[in-house]
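*Asks:* Take a look at the letters that make up each chain.
There are 2 protein chains.
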Amino acid sequence: MWTLDGQGPLYQQVYRAARRAILSAELPPGTRFPSSRALAADLGVSRNTVILAYDQLLAEGYIATREGSGTFVATELPEDLTETIRTDRGERDSDAIFTPRLSAYGERLGDLDRGKELTWEQRGTPPRFDFRYGRPNLLDFPQDTWCRVLGRRARRASARQLDYGPPAGREELRSAVAEYLWRSRGVVCTPGQVVIVNGSQQALDLAARTLIDPGDRVVIEEPHYPGARLALEAAGAEVVPGALDADGLDVRALAGVGARLAYVTPAHQFPSGVSMPVQRRLDVLAWAEREGTLLFEDDYDSEFRYSARPVEALQGLDRSGRVLYAGTFSKLMFPALRLGYMVLPAALVRPITNAKATVDTGCPALEQLALADFIKEGHFDRHLRRSRTRNAKRREALLQALHQYLGDRAEVSGSNAGLHVLIWLRGFAARRLPALRRRAAEQGVAVYPVTPYFRTPPARAGLLLGFAALPESEIDEGIKRLSKLLAGPET
Amino acid sequence: MWTLDGQGPLYQQVYRAARRAILSAELPPGTRFPSSRALAADLGVSRNTVILAYDQLLAEGYIATREGSGTFVATELPEDLTETIRTDRGERDSDAIFTPRLSAYGERLGDLDRGKELTWEQRGTPPRFDFRYGRPNLLDFPQDTWCRVLGRRARRASARQLDYGPPAGREELRSAVAEYLWRSRGVVCTPGQVVIVNGSQQALDLAARTLIDPGDRVVIEEPHYPGARLALEAAGAEVVPGALDADGLDVRALAGVGARLAYVTPAHQFPSGVSMPVQRRLDVLAWAEREGTLLFEDDYDSEFRYSARPVEALQGLDRSGRVLYAGTFSKLMFPALRLGYMVLPAALVRPITNAKATVDTGCPALEQLALADFIKEGHFDRHLRRSRTRNAKRREALLQALHQYLGDRAEVSGSNAGLHVLIWLRGFAARRLPALRRRAAEQGVAVYPVTPYFRTPPARAGLLLGFAALPESEIDEGIKRLSKLLAGPET
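One line per chain: the protein sequences are A and B, in this order.
Sequential numbering from 1 applies to the first sequence in this note's numbering.
Sequential numbering from 1 applies to the second sequence in this note's numbering.
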């Protein structure tokens with residue numbers, strides 16, 4: 001009679017088959033419904049199974065019993081429903097499909113083609129010599145220790161720890177973060193100013209949403225990290241690009257802009273790698289005070305600094321409560337953890353906590369508690385020291401290979417901090433980069449142009465070289481292969 | 001000379017002490033800086049420690065060396081910086097504090113006083129007989145099994161699994177969710193229509209943001225779950241309350257409203273507990289088609305259904321792609337997991353995935369993968385069956401106690417599904433509820449008024465009684481104690 005779909009409990013399969021027969025008008029409204037005994041025999045299932053299915057069809061109003069005369073397909077099913085024939089999952093009548101109108105925010109998101117620009121995900125098999133940037137070497141991460149600490153928290157979690165928690169984050173982690181940021185970055189805050197978020201992208205989004213109205217001006221360093229611009233533009237911000245000089249954002253050109261917010265990466269500008277000296281930091285703060293502008297300080301990778309200790313955060317120099325400081329555990333733990341933090345001026349703690357409560361009620365608890373343990377028990381500092389040493393060696397290998405194989409043909413920038421450097425190729429036009437990348441890929445070498453980070457593509461050919469993911473010998477070999485292509489004939 | 005703060009590495013302590021002396025003008029610009037030898041002797045630390053601190057002060061521009069004449073406090077430090085005296089963490093000059101202006105969204109959030117209404121967190125010690133609702137009994141959850149599954153994923157996680165992932169969620173979980181929703185709720189979808197989110201609050205927020213512009217009308221059932229209203233009102237929605245009758249949302253009164261979206265809980269209306277029969281579901285869909293309205297179906301706890309199998313989702317009856325279906329794992333796993341899902345009409349998959357990418361790049365990976373395993377290996381279904389049986393017993397105990405101790409004095413509503421019932425007290429005025437709750441609390445009994453879920457507080461006294469958290473004997477004892485208070489003299 002009917003074909004069962006083989007999914008889940010048998011009586012559910014019978015229920016669905018019967019329902020399909022009703023909805024497709026195979027059994028029109030008012031017709032007699034087969035008896036449970038007949039149906040059981042037909043389908044080769046037990047009568048009890050059929051009765052369970054009948055109960056559900058009755059409860060939902062698909063069938064009805066008339067006293068003394070048996071079971072019938074309900075008559076009050078409207079005609080338009082009986083036209084619904086869905087023989088398979090997901091199949092729809094395409095003529096009837098409703099096209100929803102998006103909000104202004106939804107439209108802006110679409111225009112920005114975020115799907116393309118904001119996918120951090122690695123796709124396909126990475127090449128052997130992959131100079132990808134923006135993530136740590138995940139082999140450095142002490143996964144066993146993390147599993148132990150996380151497992152302990154998960155096993156011992158109390159009912160309250162499994163329940164909803166405070167939207168701003170668990171006290172244990174807020175304290176550990178405040179403590180860590182004070183000793184490592186000179187961030188001056190109490191745990192009450194820390195809000196735990198799902199990585200720095202959420203920090204940006206919460207700030208954009210809570211502080212930016214459509215049409216508001218926002219200064220963004222040029223070039224810059226596109227995730228920041230997109231979150232701000234989606235919120236309706238009018239982006240004013242801020243030029244960089246050798247010391248970072250040049251605020252002299254920005255007098256009178258009247259920006260509501262400026263997005264800055266003083267520790268290690270992305271992608272140029274410039275570190276802002278203290279004098280420039282003070283200039284930026286003074287400019288922000290004159291202009292009535294808030295500063296969003298994105299300190300995404302300054303734990304990795306090679307020539308001196310990390311320069312103290314802008315936040316630590318701020319006297320007037322205008323710096324929103326944000327960082328992430330993606331680079332020091334692993335990106336899939338999705339935990340980061342904001343350190344907020346007192347006046348913004350409540351609005352941003354309310355926003356966090358509204359957007360997702362708060363971050364997962366066990367990971368927060370495990371991360372707090374991981375920091376307090378010293379695993380975090382140990383991992384940081386070890387990976388700093390390893391990354392310093394990788395950086396050294398990269399700089400040496402660039403010197404040896406490319407020499408004067410490459411100008412290296414931004415090597416003091418972070419996990420990538422920027423090189424400008426001398427005597428090599430930017431338009432030749434796509435061909436170079438294709439030929440490099442044939443040699444197993446992946447390099448990444450800096451072009452996407454500029455509003456106006458630079459005439460010079462710039463490449464971002466991430467060095468965290470590769471062993472030193474492969475860094476050397478990769479640059480050697482790249483150099484041969486650069487030495488070759490113009491393509 | 002200077003006091004070290006005792007935090008972190010010694011050279012960092014020296015660095016901070018020196019910096020403080022410079023910033024407080026104890027050492028004014030241009031003055032000679034103490035020699036490393038003198039400072040080491042003064043502070044009782046090694047000279048190497050002091051030299052490390054000096055290197056950092058030099059790198060950051062706080063001090064400068066003049067050839068042949070030693071080290072000096074930098075002269076180019078602006079005067080206003082030297083006025084910055086911060087002797088302690090978090091201390092700020094309150095006169096200079098900047099008061100940031102919030103966006104319209106930020107202002108609306110503040111007006112809604114979300115901080116008060118949206119804290120799900122349990123505070124203080126719960127009373128012995130706590131009829132709290134809106135969460136499962138966390139003692140039912142097979143924590144050991146979950147730890148094993150999660151631990152396995154965490155230990156074996158590949159570098160790619162620790163990296164950024166697809167914003168809409170891991171394929172493994174999207175498939176497991178599509179499969180589960182098809183067999184348990186009649187949700188008709190492909191894994192490509194599933195977007196994994198941080199619980200149903202994020203589902204609501206993403207929908208509000210992507211679909212609602214300030215001033216747009218949104219129908220919300222009255223009474224309703226305030227988290228939904230707040231997310232929608234914060235997005236600027238003009239909320240149109242939709243009255244309920246015995247079958248749920250009464251759409252006859254809503255003709256011509258022109259709402260962009262309607263928020264509905266057909267499976268188990270919150271807080272009334274009404275389940276919408278299939279005929280009303282079809283009426284709601286037909287109304288939405290006539291009006292050009294999208295439907296947000298929040299299926300927050302319909303796994304727990306006692307009289308028949310769960311009625312199939314509105315989504316499964318939708319022919320025109322206008323239902324956004326959302327659910328959460330908070331009630332079946334645990335709230336602190338922060339994972340839920342949306343099932344979207346094809347036209348909304350891309351906009352909402354883009355929004356998810358922009359707001360936080362995606363959910364944590366290991367929990368997603370572990371949850372997919374947990375479902376595929378049958379632990380989820382087993383847990384669901386077991387906790388459904390347990391909750392059925394608790395519900396039975398509650399209904400019996402209500403019958404035995406309160407009899408006609410209470411009218412019970414919404415007991416067919418979910419983890420709570422609503423009772424209306426007969427012959428007991430709503431204004432007497434606060435006194436009743438105080439006296440109940442003295443007896444160790446916590447009960448919760450339904451009043452906060454109504455825009456216009458009802459004249460009748462209604463209580464929400466969650467039954468998941470208590471053993472049957474305590475449910476009985478709690479209701480017995482409550483009944484004595486109700487029988488007592490008017491207070």
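The hints are simulated quantities; they were obtained by calculation from the structure and are not laboratory data.
Watch out, some of these pointers could steer you wrong.
For identical chains, the list gives no copy identity; a pair is met inside one copy or between any two copies.
Restricting the straight-line Cα-Cα distance to at most 25 Å, the calculated cross-link-like pairs of lysine to any residue (SDA-like) are [what the hints assert, rightly or not]: (1) 480 <-> 244; (2) 484 <-> 243; (3) 376 <-> 151; (4) 393 <-> 11; (5) 393 <-> 45; (6) 480 <-> 247; (7) 393 <-> 48; (8) 480 <-> 69; (9) 484 <-> 471; (10) 484 <-> 404.
*Asks:* Now tell me, hint by hint, if it's right for this structure.
*Replies:* Verification of the hints:
Proximity of residue 480 to residue 244 under the C-alpha cut-off of 25 Å is found in neither arrangement, the shortest distances being 31 Å within a copy and 73 Å between copies. For a Cα distance limit of 25 Å, the shortest separation of residue 484 from residue 243 qualifies neither inside one copy, at 34 Å, nor across copies, at 74 Å. In this assembly of identical chains, residue 376 and residue 151 lie within 25 Å of each other by CA distance both inside one copy and across copies; the values are 16 Å within and 21 Å between. Taking the shortest alpha-carbon separations for residue 393 and residue 11, only the inter-copy value of 23 Å comes in at or below 25 Å, while the best intra-copy value is 64 Å.
In the homo-oligomer, the alpha carbons of residue 393 and residue 45 never lie at most 25 Å apart, since the shortest distance is 69 Å inside one protomer and 30 Å across protomers. In the homo-oligomer, the alpha carbons of residue 480 and residue 247 never lie at most 25 Å apart, since the shortest distance is 31 Å inside one protomer and 73 Å across protomers. In this homomeric assembly, residue 393 and residue 48 come within 25 Å of each other (Cα to Cα) only across copies, at 23 Å, whereas the closest approach inside a single copy is 71 Å. For the identical chains of this complex, residue 480 and residue 69 are neighbours neither inside a copy (88 Å) nor across copies (46 Å), given an alpha-carbon limit of 25 Å.
Within a single copy, residue 484 and residue 471 get their C-alpha atoms as close as 20 Å, which meets the 25 Å cut-off; across copies the closest is 75 Å, which misses it. In the homo-oligomer, the alpha carbons of residue 484 and residue 404 lie at most 25 Å apart inside one protomer (12 Å), although the nearest pairing across protomers, at 89 Å, exceeds that limit.
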